[in-house]
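Full structure from sequences and hints, please.
Protein chains: 2
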Amino acid sequence: MMVFRILRANLSAGEFKEEVIRDDLLKLFLGGRGLGSYLALREVPRGVDPLDPSNKLYFFSGPLSGVATVSSSRLTVVGKSPLTLSITHSNMGGNSSYWLRRSGYDGLIVEGKAEEPVYIYIKDGEPSIRPAKHLWGKTTGSSTRQLLLENGFPPDETKAGIMVIGPAGENLVRFAGIRGSDYERFAGRGGLGSVMGSKMLKGVMAWGTRRLMDEVVDKGRFMKINNELVRRVTSHPTYQALHSYGTNVLMNIIQSMGGLPAYNFTGRAGDVTPVSGEMIKDKYVVETHGCYNCPIACTQMAAVKAGPFKVPGDKIKYEYENTWALGPNVGDLEPDAVLKLQKAANELGMDTISLGNTLATAVELARKGKLKLDVDWGDSATLIDLAYRIAHRDGIGDELAEGDYRLAIKYKDPESFIGSRGQGVPAYDPRGLKGFALAYYTANRGGDHLEAYTPTWEVFGVPEKVDPLDDSPSGVKKQASIVKWNQDLFAVVDSSVFCKFENLMPNINTENDLASLYNAAFGWNLNGSDVLEIGERIFNVERLFHVREGRWVRDELPSRMRQPIPEGPAKGHSASKMFDEGIRMYYELRGWIDGKPTRDTLKRLGLAEFDYIL
Amino acid sequence: MMVFRILRANLSAGEFKEEVIRDDLLKLFLGGRGLGSYLALREVPRGVDPLDPSNKLYFFSGPLSGVATVSSSRLTVVGKSPLTLSITHSNMGGNSSYWLRRSGYDGLIVEGKAEEPVYIYIKDGEPSIRPAKHLWGKTTGSSTRQLLLENGFPPDETKAGIMVIGPAGENLVRFAGIRGSDYERFAGRGGLGSVMGSKMLKGVMAWGTRRLMDEVVDKGRFMKINNELVRRVTSHPTYQALHSYGTNVLMNIIQSMGGLPAYNFTGRAGDVTPVSGEMIKDKYVVETHGCYNCPIACTQMAAVKAGPFKVPGDKIKYEYENTWALGPNVGDLEPDAVLKLQKAANELGMDTISLGNTLATAVELARKGKLKLDVDWGDSATLIDLAYRIAHRDGIGDELAEGDYRLAIKYKDPESFIGSRGQGVPAYDPRGLKGFALAYYTANRGGDHLEAYTPTWEVFGVPEKVDPLDDSPSGVKKQASIVKWNQDLFAVVDSSVFCKFENLMPNINTENDLASLYNAAFGWNLNGSDVLEIGERIFNVERLFHVREGRWVRDELPSRMRQPIPEGPAKGHSASKMFDEGIRMYYELRGWIDGKPTRDTLKRLGLAEFDYIL
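In order, the protein sequence lines correspond to chains U and B. Each residue of the first sequence is one higher than the one before, starting from 1 at the first, in full-length UniProt numbering. Each residue of the second sequence is one higher than the one before, starting from 1 at the first, in full-length UniProt numbering.
One or more of the hints may lead you astray.
The list treats identical chains as interchangeable, and a pair is accepted whether it falls inside one copy or across any two copies.
For lysine to aspartate or glutamate, the following DMTMM-like pairs were computed, each having C-alpha atoms within a straight-line distance of at most 20 Å [claimed, not checked]:
hint : residue 1 : residue 2
1    : K133      : E399
2    : K123      : E415
3    : K27       : D52
4    : K133      : E116
5    : K283      : D271
6    : K113      : D611
7    : K478      : D49
8    : K410      : D398
9    : K133      : E115
Bear in mind the hints are in silico, worked out from the structure with no lab data behind them.
Following this line, the structure appears as structure tokens:
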């Protein structure tokens, strides 16, 4: 039997409450994204401004976080998003999840608003609210180091779990993120950093001595499954690619398939080799790293040691997504500049994808003469300058801090926003990798590649190869079922809380592996389809939040995705057919009508309590 | 008869009081620096922390500000300095002085501290304290533009007087400055921007319709003198040099004389042509400009339109002093980078000289292995990054924000601080231009070239040529008397408030011209020596402030200035002889003993009320 311990902090009252989530609720929603979304749907009042004190933040680990080995050390943050104005979830790796659990709590709920800047410090079951005025205005890196220092820890981020916001969160940038230890981990998407900012919460720090393994029911069986998973993962070639080059091993691959967007999805970048994982590994990476206890260790830390884009005295955690967003997407293929801009985003505390989307929209609007701004594609110095201005809402930065969606609407050019539900999309063109024509635009958190990751089939051929350009009736049917299945699975992964990399390995069957781990750990009795049903339940809870808010219920394809891709291997392809035909099949598979669950579906998933929302 | 109208704002109480300074006190101290220093000595409690609410700020125009034409539109700010911990004065051109007077007040005294960020708005005799929370954290340029916008002015800095601080002032950087309109004017030296920050005062804005000329007693005579001055100034070649190239016409000249310091006064820069006034005029200057009504119009506005150091969409007001401080002094001769760093300093709101001094000290300490910092001479990217960190007191920036003096002391390397009274010196090496061996180190505000400007003789030969390397007994005697005379004169110039450029023209006799203007304007009856006596009085009042604080009374030469200059035309020269022998003569001329006025001197100057300080 699993018990999930929650600390509820009310910053207005300056009080803490402890709560326990019982086994029966956990079996329905697990932790992380699932439990957070369920509680948010029950607790966060309808129609509330995300930056109002009555919004809440759920920092949740999952039942297996930091206990299982492979990919397990993640933490999900749930709340109402200032970017999408509906529910969002965003998760980070590193060690914040691990140390939060060791401090005695599996989850932290933050309510209300402090009068002055504060941080929450939890040491071995003893929580306190501490002044953070001296940290307000400071970058994420300085704040993290200062928290270690003033709490008596060595200058080593592995020694405690720390989550902080930077100037962007304090200044309520709609796409501000939350940085986690170690190093430069980010719950980036959805702007929950600015919800922290609105609550005057600079950070959360946790440390403790709770022994997580003591709570595992059948240790022998658990460790056997665990070790077997490690063996299977580390013996696979995808492990080697991620371990050696990190996520940016994708840059050359996706470009060669014609699926790498550039210039705000209006063109194709030339030779992207200078910003590819292989080249950056060779010229810039100085250190590799992993989340707590994870053998994949995909984290690449780069350094720009000289030149006009030097990043003095510090390393840069870089990934495929931010290299794309702040590189080809804004027409910049100069690796020094792209890394410098990534570093600026991390230190100022912004989601790199939405920052890139916003900059790309701004450049497009400027080139069209709609926005008065001295900027062009690849104009590195200006892009870096704008990052600073956005984080401080300084001058034109104040407009850009509203994000790509609002910028495009303001300047009456909606097609320059490429996303859904108010959030811009990441580094795959859904006209060249058509699974994303469904996966991006049905994602509950908006413009998202991590609620279902169709390149697993299209690029990695796992568990089988799917042609990314096939939008024949059978191709569409295949993708609709992949997306639904994958969304359900990943909802569970985000609630456990795991990362998604083990799912990339063909010798892994994630739903069955998760079932086995849960059963061994807590004496449960799940099978793979039970796991998928939990995921489906979670996905429906999030959609119910949209229904209740009366926002983003219908899924929509942005207009640019209906135009043919202009050049490259996917030239002439659009996302229209996949989306228009696929969405009908998808709704049928989900038991939804027009993006909305039916009463029967809710009943089937044990969600009848939310009938009133329909 | 002149009446000087003062507005006294108490930010703690949220109240204003109007006061009038009568003719007899004005005849002793004029306005600006003189009146400010006199009131500060009477009103600011001894030993007070400059960042305590009981420190006061005096924003004072002078009786002739904005009425006389040539050089007259300046405003002096006086207060206790967070950098020197004693009295300082700092003045700006532009139009703040003019608009403050037209709003109905010749001076503004700010006392106390607001609870939340505010700005003071004065519209035609009606002052108000207004919320400025929305401006806090914003750069000086954005804040200025926002104040125009929200008060219904067109986006044109000439239309109102605006003085603001940037992030550096808010974050109490010890050398934060105050930016004035139009454009990028700075009361930079002495860190009074952080005194504004400590009072939560983001800015002061003034506009009005008072007609200054109506208060002139003999308009005909006044205008005749005025017009004659304009004719004499504009017919002189120095006018043409300043008008065409601005102050940075000095770069090549001073370098060719061997008097341009580099690498924190440890070496000599190579070819400084790339950062010279002539070259920057040719390649970067896009606009020239003047202070209100001044025909000299020396302001050069540059633009860096492309490349890694592009300054997007904005112009940079650049001068000789900041080009040196952020160029050769930190080993950087790349003009794009030097201009970008100047712009950063202006927007973040820092004194460019002290920023350059501090960066130079930091580089020296880093090279010596005393300070752990990844930086070297000419490392543009890092220097720019540090400017941001200093302004936000972020990480290492928190240490550097304390300034060069405190940094050198902290790392037990006092010789890496090149200044006096806690403030670093500007762009002339007193070993190659030896007048500064006395002028810098006797300056009341510390490390200063504007209390007496000896290059007038040494470089311009006005009124006669003095050999800058001559420290023979007669040379020393000559410089001691020049410095004393010039300090007295410039104390009057800073109290009128004029700039010092007209004094560079050999057909001008500033003390007589000032006497004539005052007599015509207010029916006074001054001659040139009366004017100089006013200046001497003011200079002694400032010195009394040091005596009262028990700080910086004795003048001292920094140890590096006793070492020979390493290369160039002044190779082998040191400042020791000029200082050691000159200071004795100088004290004698002043009627001082060991840097301290005697009772007789005070009596002679009508300052007997301050006898108690001695």
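field: Alpha-carbon proximity context of K123 and E415, limit 20 Å
entry: Neither, since 49 Å and 45 Å both go past 20 Å.
query: Between the shortest in-copy and the shortest cross-copy C-alpha distance, which are at most 20 Å for K133 and E116: within, between, both, or neither?
result: For K133 and E116, the Cα distance is within 20 Å both inside one copy (7 Å) and across copies (14 Å).
field: Within, between, both or neither: K478, D49 at alpha-carbon 20 Å
entry: Close neither inside one copy (39 Å) nor across copies (73 Å); limit 20 Å.
message: Reference check for the pair K133 and E399, CA-CA at most 20 Å: within, between, both, or neither?
response: The answer is between: 18 Å across copies meets 20 Å, while 26 Å in one copy does not.
- prompt: 20 Å Cα cut-off: does K133 pair with E115 within a copy, between copies, both or neither?
  reply: Both ways: K133 and E115 sit 11 Å apart in one copy and 15 Å across, limit 20 Å.
task: Up to 20 Å between alpha-carbons, please classify K113 paired with D611: within, between, both or neither.
output: neither (32 Å within a copy, 56 Å between copies)
field: Alpha-carbon proximity between K283 and D271, which holds within one copy, between copies, both or neither at 20 Å
entry: Classified as within: same-chain Cα gap 17 Å, cross-chain 33 Å, threshold 20 Å.
Intra- versus inter-copy proximity for D52 and K27 (alpha-carbon distance at most 20 Å): neither (32 Å within a copy, 59 Å between copies)
query: How would you classify K410 and D398 at a CA-CA limit of 20 Å: within, between, both, or neither?
result: Within one copy only: 13 Å inside, 39 Å across.
Hint compliance for this structure: hints 2, 3, 6 and 7 are broken, all remaining hints hold.
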